[in-house]
Amino acid sequence: MPLWNIYHPEGTFEDNASKEALSKDITAIYHEGKAALPKFYVIVNFIKLPQNSTYIGGIPNTGTPFIRLKIDHIAVTLPNQDEVYNSMTDRIDEALKPHIADKGYDWEFHVDETERRLWRVQGFNPPPHGSESEKLWRDLNKAVPWEEAK
Amino acid sequence: MPLWNIYHPEGTFEDNASKEALSKDITAIYHEGKAALPKFYVIVNFIKLPQNSTYIGGIPNTGTPFIRLKIDHIAVTLPNQDEVYNSMTDRIDEALKPHIADKGYDWEFHVDETERRLWRVQGFNPPPHGSESEKLWRDLNKAVPWEEAK
Amino acid sequence: MPLWNIYHPEGTFEDNASKEALSKDITAIYHEGKAALPKFYVIVNFIKLPQNSTYIGGIPNTGTPFIRLKIDHIAVTLPNQDEVYNSMTDRIDEALKPHIADKGYDWEFHVDETERRLWRVQGFNPPPHGSESEKLWRDLNKAVPWEEAK
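Chains as they are written, first to last, in numbering that gives the first Met the number 0: chain L, 0 to 149; chain R, 0 to 149; chain U, 0 to 149.
Any given hint could turn out to be false.
Here are the simulated lysine-lysine pairs, DSS-like style, with alpha carbons at most 25 Å apart [stated by the list, open to error]: (1) L:K134 with L:K47; (2) U:K47 with R:K38; (3) U:K47 with L:K96; (4) U:K141 with U:K23; (5) R:K47 with U:K47; (6) U:K38 with R:K141; (7) L:K47 with L:K102; (8) U:K23 with R:K23; (9) L:K47 with U:K96; (10) L:K141 with L:K102; (11) L:K23 with R:K47; (12) U:K38 with U:K96; (13) R:K33 with R:K102; (14) R:K47 with L:K47; (15) R:K134 with R:K102.
By construction, these hints were calculated from the structure, which means they are not laboratory data.
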């Protein structure tokens, strides 16, 4: 469900271990705790851009590396409450900290929430959030046929 | 109107014929049948990612190739009805089948619907959906000046 | 706040000067005039795609170069009024003109507006639009700690 597109300059996230570590911490945001979504819902694309591809206020990003994260949330729409939004963005920043802030990079992210019913995984409408079928997908960590409650 | 960004790993959609074939079937979703949108509204970007760029639940996508499609719908907002959403996602999966499912790839897509009035083609506000001017754009398969009804 | 992803084919925006010039004109849309947002809010990614990566209505973009711009607005949601939307898209097309239309390229853009409260810069919730703290960020052209009004 969440799709994370991470736009990062050459020279950052060059080794696979650093990408895997960040993607694991991103996965934990959704898989652990209350949401308890299946792990395989969490897709992270590292989109490496050559030097002089990113401009910040009209200036090429040639100094401190700048990481721009664009996040789509699909499976769960947050209740429209300041505290809930704040709690989500806090959790995201906590996950990013060791991988971005602590390395001295600059960063920015934003989340877009999109329509759950216009989402399919392996040809399936994913089971309702919190349902037994979702738990099954979570336990198996894959999409399998499930019967829609009538 | 629809913008399809297809994130796919190296080793998939390497030949131009496979990309052209998929993009033609995607175009048919919007051009044929009821919507009858101009063909040139349908933009498909194949964004090829190197190995170890995509992580699924924290695991690098090194096994079965995984294709992630992010679709923006702009020209037409679907009525908020389960059947309509389901019909659209069915048509998308039908179009993808020979190019993705039948090749044994894994895949996931989601659609975001955005504001039509914040969309321009070649400097024009596109004509209203279903209008005579839209039919003209469809027949010519290009954007031409048209007069907005007062 | 605005994130501009510019998908462009090889052979366009190859020199850094052309990218810097366009990104400066994009920045002016948001920084000058009424909105007066901080410059560093404006992120422009040039995403260069190889030949035969973009398909328009099922046809590869091998003729006139086609530039596809996807714009996310986060800091400010426009009032839902035709004139306001039209004024924004006019300003965008004016900014693009010398860099795209006047070079004989084809182009299309659309804007998506996303939730401001799901946006963070350098770990901060950005200050409210029009606030004194926003003016400070604008003057310093960087994110600094600010106190949220209680």
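Against the structure, the hints:
no.	hint	verdict
1	L:K134 with L:K47	violated, 34 Å
2	U:K47 with R:K38	holds, 23 Å
3	U:K47 with L:K96	violated, 29 Å
4	U:K141 with U:K23	holds, 17 Å
5	R:K47 with U:K47	holds, 11 Å
6	U:K38 with R:K141	violated, 36 Å
7	L:K47 with L:K102	holds, 17 Å
8	U:K23 with R:K23	violated, 37 Å
9	L:K47 with U:K96	violated, 28 Å
10	L:K141 with L:K102	violated, 34 Å
11	L:K23 with R:K47	holds, 22 Å
12	U:K38 with U:K96	holds, 21 Å
13	R:K33 with R:K102	violated, 29 Å
14	R:K47 with L:K47	holds, 11 Å
15	R:K134 with R:K102	violated, 36 Å
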